[in-house]
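Chains as they are written, first to last, in numbering that gives the first Met the number 0: chain A, 0 to 504; chain B, 0 to 512.
Hint data in this document are derived by calculation from the structure and do not stem from the laboratory. Positions of the beta carbon are idealized from the N, C-alpha and C atoms, including for glycine. Don't take every hint at face value.
[To be verified] One side of the interface only, derived from the structure: several residues of chain A facing chain B at Cβ under 10 Å:
#: 1; residue: I403
#: 2; residue: V422
#: 3; residue: V431
#: 4; residue: G473
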Amino acid sequence: MTLNHFLILLLPEITLTVAAFLVFILDMLVRGDEVRGSRLQWFAFLGVLLTLAATILVWPLAGASGLPISLDVGQGFGGDAAPMMVLDGLSLFFKLFTVLVLAIVVLSAGEYVRMHTRFRGEFYALVLLAGLSIMLASASTNLVMIYLSIEFLSITSYILTGYLRDDARSTEAAIKYFIYGAAASAVMLYGFSLLYGATGATGLVEIATALATGSVTLRWLIFPALVMVLAGLGFKIALVPFHQWSPDAYEGAPTPVTAFLSVGPKAAGFAVLIRFLIVALPAFQVNWSAVLAGVAIVTMSLGNLVALWQTNVKRLLAYSSIAQAGYMLIGLAALAPRADSWTTGLNGLLLYLFAYLFTNLGAFAVVIAVENRSGSANLPDFTGLLRRSPFLAVAMFVFLLSLIGIPPTGGFMGKLFVFGAAVQRQMILLAVVGVLNSVISVYYYYRIMQPMLFGQADGAEPIRVTPSMGLAVGVSLAMVLVIALYAEPFIRLATESAQVLAASF
Amino acid sequence: MDFPFLTLITFIPLVGVVIVALIPANREREIKWFSVVLSTIPLVLSIVMWALFDPGQGMQFAEEALWIPTLDVYYRMGVDGISLPLIFLTTLLTTLSLFYSAYTIKVRVKEFFALFLLLEMGMIGVFVALDLVLFYVFWEIGLVPMFLLIGIWGQPKDRPQYSAIKFFLYTLVGSVAMLLAFIGIYLTTGTWNILEIPMLGPLAGNPVLAVAGFWAIFLAFAIKVPMFPFHTWLPDAHTAAPTAGSVILAGVLLKLGGYGFIRILLPFFPDLFKQFAPFIGIIALISMIYGALVSMAQWDLKRLIAYSSVSHMGYFTLGLVAAAARLVAQDPILSSRAIALDGAILQMFNHGIITGGLFFLVGVIYERTHTRDLKAFGGLSAKLPIFYGVMLMTGLASLGLPGLAGFISEFLVFRGVFAIMPVYAIIGIIAIVLTAAYILWKIIQYVFLGEFSEEKWSAIFDREHWHFSLDMARFEIITMVPLLFFMLLVGIYPAPILAVINTASTALLSSLL
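Given the sequences, and given the hints that come with them, work out the whole structure.
Here it is, written out as structure tokens:
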């Protein structure tokens, strides 16, 4: 592979990196405090759009089976033999996903960032870099690369969580997140080392090959290694029992960062988990499927039950997103070994994730808009929102319906596919627990709806929606509805992105 | 391509929602009258459709288009003799409710009318959908606006928010169970087509799953109908809902469950339905008698009528059970089954007309006095003679007086049930006696008869806020006239509507053999 070719395949990542560093530089060049924040925001948004263009540009290059990204520069530096990354359906899906996450987060962050911190350029740059790490993680095919990109994501996330350094809660959140994260990542690394020790390979494909040829004598090590890796990735996704950091981190972090954390790292965790389990450990599906089914059940149930008692909307949505990850996990637990079915589990997970992106980021955008006005994000702050801003209230209502899974919203399509996968695999208990949980979840989403729709706002002023916020909420709202009403392209996107891995079975 | 009646009837209300959303909120008059006029379009279309309907044929006005190809989901609609009367009922009650609300809704007018039209779309969609996914989508769409109608426009003293979320949760429990069953059915038959699935034997390979699927779908419809013991959301929802909301709730939403039983559960699982018929029949009897007894014990006029719905929908279920209890082709039995099913379907239509009317009439007295306490009234027949007359006629229709609508359907139900399950019929008759008791004793006697006391009346009559005539105002009379007309028409000359229903129910029953 030539250097030019190599660079083209990495175009989205390169564009994003350049954009992030240009934001750093522009932050120093542009003067004037009032306009600076908003200019940087739009510049970061432009960078995201260019990354989108780059992603679309490289899309056709992947082909049906994916293209390894590697540069032959001679001995000892990777080389064509052991590619670190791959350009395939799954990584393209997550590139697109990341771009969309960044776009909505950047759009909805503007006013909040202007109000809360003087350091605006760094904020957007760090968000873009966090996005870059998601792209890298989802394309990694090697344990080393996986670990590096996940660490990269973690470190940017820690900084972003503690971004409001004069705010004690923000700092506390960052410390908690960091300590949990360090431990989880150490455990995951230990798991990786066990895998390497047992199979003598760090490439995912090579691990699978080693296991398949039966040359592995320490086969019993694989299961503990699997559990340890699951702990590390479960931490990123916030699966129970590795979730304890998330409510505190979500509550303390600046709200746009919370929005990002609730979607971005989760997606990265799922991307790696999918690739790791399906490419490296297909032979152990019986094991990990059972473990994931159990984790899914406790994650959904605990997330939902604890969410019932929350009064802070950010915290409530934190537990909600724990539960949502539980639903998604059903798709992976009930992964169908054959690809000819309408729901392979994997396409359900991706579809769910895609719908969840717009739903959750949209909901957080509304929370940001409310918080900008009232200074906090507790349930009473939403009182009378239907009067104060009908647009935000209706949008929030639709987002909450989508989180519940009421049609016609994207959340419904996601649930239809993951529950469908569970029913197909005859994992009826999993499906029943799933639907019962979506009923339970109604009650705490209702606790947001209640003040918002039924509450009387006595003299509260209307909420003005900035153009960028309006765009973020509007696009999210439209997408949530479109994913259900015109589902075909999205189902196709999810199914084709999942296709490349189906070959592993 | 034929004229897309069903698409238009279903989605014209949605167009209305969009337009209402665009009208500024302070132009209340325009919003109100635009909504009323717009809602007459589906009404007129449904009447035209009925006129063009050929009773001899099965599904008509069918429309089909691929919606989600990878999932085999079709946008598939059609109408037969079972759904036609219910569509007409929906459009009629919606127009009347909007007309009535144009005079009585004073807060958040824009939201109210927009949501009401959205509700209409959801309800009609359920009656016309012939694809399980489409059915489910409309089923859930109808849930949301009703939830908001109860929660936002309910009277604060009736705990509207509690009632609204209770309604939402109860319905959703059933819905999600139903969704899982639908997925299972799709996985075994490979289609979502409601008309094709019965022939493909849904969940046939696995008897345990089939039973689970049967009860999952049963639960969804039983909650909606509602059947004892899943009925407890109903009185709360009714009490809290604004008048028009109660009318639609009783008049149409309960029918969604009944329609589901006939369109989905019975044809999908005829054998299981037959197997469980004795048990479901007992539930129906409990609903009938228990509903009537609890109704009799109420002192809140609206709650009384709410519980009477539990009882009256029990007649429907009993008729349905009888139709399902024997799967044989012998002629007398088949015709008894068809009679029972005809009665059940007609009972849904009649209950919509009659109980819808009763809720309007509760609204009449409630708007004047802001109370529904039966003990607060008395002797009103002299003060409000027109109201008395209308209430008497509607009440008598409800208790099944010959010559009025309720009698025909109840007679058909009992005639059919008696031939198939005589013991159930004999026990069920008790409910009719109890109905007469609560209508005549509780409503008529406590509200209208007895000594009129000026003191009592002036204590409750809210002169300041009532700007219309003391007796039924013109808009209230206009609202009731179509309902009274249909009570009489169906009571005296039911042949046209029965002809439509009978062909469909006979065809349905013969297909089950």
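Taking the hints in turn, this is what the structure says about them:
1. At its closest, the beta carbon of A:I403 sits 8 Å from a beta carbon of chain B; the interface hint therefore holds under the 10 Å criterion.
2. Interface hint at A:V422: satisfied, since its Cβ lies 5 Å from the closest Cβ of chain B, which is below the 10 Å cut-off.
3. For the restraint placing A:V431 at the interface with chain B, the shortest Cβ-Cβ distance is roughly 7 Å, inside the 10 Å limit, so the hint holds.
4. Taking 10 Å as the C-beta contact cut-off toward chain B, the hint placing A:G473 at the interface is violated, the least distance being around 15 Å.
The structure shown violates just one earlier hint, number 4.
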